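Chemist: Single-letter residue listing:
Number of protein chains: 2
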Amino acid sequence: MNSINYRIDNLQYCNWSEKIFKINRKAKLDAIHVTIAYHEDFDEVLKNIETWNKYFNDFRDLIFPGKNFKDIEKAHRENKTAVFFGLQNCSPIGDNINLVEEIHELGILFMQLTYNNQSLLATGCYEHTDSGVTRMGKEVIKEMNRLGIVIDMSHSAEKSTIDAINLSTKPIAITHANPSFWFETKRNKSNVVLKALAESGGMIGHSLYPHHLKDKSNCTLKSFCEMIARTADLIGVKHIGIGSDLCTGHPDTVVEWMRNGKWTKTKDYGEGSKENSSFPKQPDWFLDASGFANLEKGLKNIGFNEKETNDILGNNWYNFYKGIKN
Amino acid sequence: MNSINYRIDNLQYCNWSEKIFKINRKAKLDAIHVTIAYHEDFDEVLKNIETWNKYFNDFRDLIFPGKNFKDIEKAHRENKTAVFFGLQNCSPIGDNINLVEEIHELGILFMQLTYNNQSLLATGCYEHTDSGVTRMGKEVIKEMNRLGIVIDMSHSAEKSTIDAINLSTKPIAITHANPSFWFETKRNKSNVVLKALAESGGMIGHSLYPHHLKDKSNCTLKSFCEMIARTADLIGVKHIGIGSDLCTGHPDTVVEWMRNGKWTKTKDYGEGSKENSSFPKQPDWFLDASGFANLEKGLKNIGFNEKETNDILGNNWYNFYKGIKN
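Residue numbers (numbering that gives the first Met the number 0), protein chains in the order written: chain U, 0 to 325; chain B, 0 to 325.
Hints in this document: simulated from the structure, not taken from any laboratory. These figures come from a predicted structure and were not determined experimentally. Any given hint could turn out to be false.
[As the list claims (entries may be wrong)] Derived lysine-lysine pairs resembling DSS-like cross-links, with alpha carbons at most 27 angstroms apart:
#  : chain 1 : residue 1 : chain 2 : residue 2
1  : U       : K185      : B       : K273
2  : U       : K137      : B       : K185
3  : B       : K137      : B       : K53
4  : B       : K158      : B       : K237
5  : U       : K261      : B       : K324
6  : U       : K261      : B       : K299
7  : U       : K264      : B       : K169
8  : B       : K185      : U       : K264
9  : U       : K137      : B       : K137
10 : B       : K185      : U       : K158
11 : B       : K137      : U       : K273
12 : B       : K69       : U       : K266
13 : B       : K324      : U       : K141
14 : B       : K266      : U       : K141
15 : B       : K261      : U       : K261
16 : B       : K169      : B       : K73
17 : U       : K46       : B       : K261
18 : U       : K137      : B       : K158
19 : U       : K185      : U       : K66
20 : B       : K321      : B       : K69
21 : B       : K141      : B       : K237
22 : B       : K299      : B       : K25
23 : U       : K137      : B       : K264
24 : U       : K169      : B       : K264
25 : U       : K324      : U       : K73
26 : B       : K137      : U       : K141
27 : B       : K296      : B       : K280
28 : U       : K66       : B       : K137
29 : B       : K264      : U       : K158
30 : U       : K66       : U       : K27
31 : B       : K158      : U       : K158
Please model the entire structure based on the sequences and the hints provided.
Modeler: What follows is the structure, encoded as structure tokens:
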């Protein structure tokens, strides 16, 4: 029945251009989930969406706004890419729970409860201590569940993530991260988190961002695919997708802004260091979405069959999207 | 040398009127610290200050804006009350550390790192778990120290308060709370906190808000003064003042707003309950600032001498204000 295979990259934040949309389509991406805010407030999100509306107008033969899973099917039929909006922070709602419904009306389908720092909702993975989901966080989770906005804990700390999984009545997502059994870093996830995520019907999108990769920019395709195989052994292949975290084409001022926002006067280097503060170089087998073809080969070489490979490269995310609302 | 005795109430949030300013002056209050924000953002603070500027214009024979300790002296000489501004939340700076300098320029002298909930800076006393001062909190403390804004931890949780005391290079304040050895409630403070506060040169302003009082509205003057005496035994009389938390004249919609802000769609009753959600009735010996005369009698009756009584009723806060900047 499911003879159609969807390709989905469930996290990109590129310096958007016709060229990138063409690469995505050439890589057969039926859907991408793109980031609309890292530190932006509500009004800045409106401006970012205005910019996207211009892209949708200018490149209508390549992209259109995605609202739900049917748009993934439509994109596949029409040879376009459906673009789904997400927030990597709760900064756009500030301290106002009523804005959750407003961002939903703007078409936001994913929201992280935290970026790297403590938020009003939960604790980010760069904080020293993790107090879990806060009083406001509990209220916002209820509201996100009611509306059908996916809780994304990619940048959150361990206890907060477990809390979110337990509090949410809907499966949550970790759209872009890797397991820490493969590479230990603040952004990667423990086996405890991965298992709880899968048991609750959630998804992890494996990240291709070098700071999340073993051997960083020198990570091999084989090592990456072995990691996916071990994750599949741990939690089952159905809970695995790709969220590449591609940041193609941005100047280094953008990664500096991602790390520092407006929260500090002392420069923070995040996953980098003073000596190595730039955007890291992508592995040569995943410079952009064309790397999906390499992933396909790599996954098959490591022993995944045709169906499993297609599930990982998009069908699992498609099924997750199908379950988002009601 | 210090023959002048100052009277200071270091926390009031009344429904301001000429009548209240007159009561304050009649009670010989040379200074009050008033709350400019509970949940307000930066622009709303500007509006609240506009309102205050109108009060300063209309009631210039009673009040004027206080900037530093010299204005307490001036108020005393001129038989007026100097009004110092403070924030009971960090909501006005949001996620933008640059706004700390802007609120300082607006004349804000005190800022709580949290109201009752988790903030971007620290944990409030109503949260289940206290992760302490956050990454942004550490940066904001440095900035407050640099500018001379007092860190106020009245509504913060235990670890966060200890962290703030340790991180701040300046003494901090708990402008309105009581010791939990006398009355155990989320807003009152442990001996550990009180001792650390005093050892670092900080001040506690004892609160007259019924939810912080043993026997609440029925608390006796004697019990209150005994509590001050025990606190003085614990931390020394020099670290003790009054921060009455008077909320005279507000309708109950105000306490509902204080508790709920915009963070929840489920009604929160804070220190009250569904059956008892109103502003609590003040004890009959402290209906307003005229109660300072009762406090004076009560403190002397409990055994404080003239000097100690004057220190508690204002001179200690005056000395604290003297040390705020440089």
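Chemist: Can the restraint linking K137 (chain U) and K158 (chain B) be considered satisfied, given a maximum Cα separation of 27 angstroms?
Modeler: This hinted pair holds, its Cα atoms lying about 22 angstroms apart.
Chemist: Given the hint that K266 (chain B) pairs with K141 (chain U), test it: the Cα-Cα distance must not exceed 27 angstroms.
Modeler: Judged against 27 angstroms, a Cα distance of about 14 angstroms means the pair holds.
Chemist: K158 (chain B) and K158 (chain U): Cα distance at most 27 angstroms?
Modeler: holds (18 angstroms)
Chemist: If you draw a straight line from the CA of K185 (chain U) to the CA of K273 (chain B), is it 27 angstroms or shorter?
Modeler: Violated - the C-alpha atoms of K273 (chain B) and K185 (chain U) are around 42 angstroms apart, more than 27 angstroms.
Chemist: For the pair supplied as a hint, K158 (chain B) and K237 (chain B), is the alpha-carbon distance within the 27 angstroms limit?
Modeler: holds (24 angstroms)
Chemist: Between the alpha carbons of K296 (chain B) and K280 (chain B), is the straight-line distance 27 angstroms or under?
Modeler: Judged against 27 angstroms, a Cα distance of about 22 angstroms means the pair holds.
Chemist: Given the hinted pair K66 (chain U) and K137 (chain B), is their alpha-carbon gap at most 27 angstroms?
Modeler: violated (40 angstroms)
Chemist: Does the alpha-carbon distance linking K137 (chain B) and K141 (chain U) stay inside the 27 angstroms limit?
Modeler: Violated, at roughly 31 angstroms.
Chemist: Sort out whether K158 (chain U) lies within 27 angstroms of K264 (chain B), counting only the CA atoms.
Modeler: Measuring from Cα to Cα gives roughly 24 angstroms; hence the hint holds.
Chemist: Does K266 (chain U) lie within 27 angstroms of K69 (chain B) when you go C-alpha to C-alpha?
Modeler: With a Cα-Cα distance of about 37 angstroms, the restraint between K69 (chain B) and K266 (chain U) is violated, given a limit of 27 angstroms.
Chemist: Quick one, are K261 (chain B) and K261 (chain U) close enough, alpha carbons at most 27 angstroms?
Modeler: holds (23 angstroms)
Chemist: Taking only the CA atoms, is the gap from K137 (chain B) to K53 (chain B) under or equal to 27 angstroms?
Modeler: Judged against 27 angstroms, a Cα distance of about 36 angstroms means the pair is violated.
Checked against the numbered hints given earlier, the structure breaks hints 1, 3, 6, 8, 12, 13, 19, 26, 28 and satisfies all the rest.
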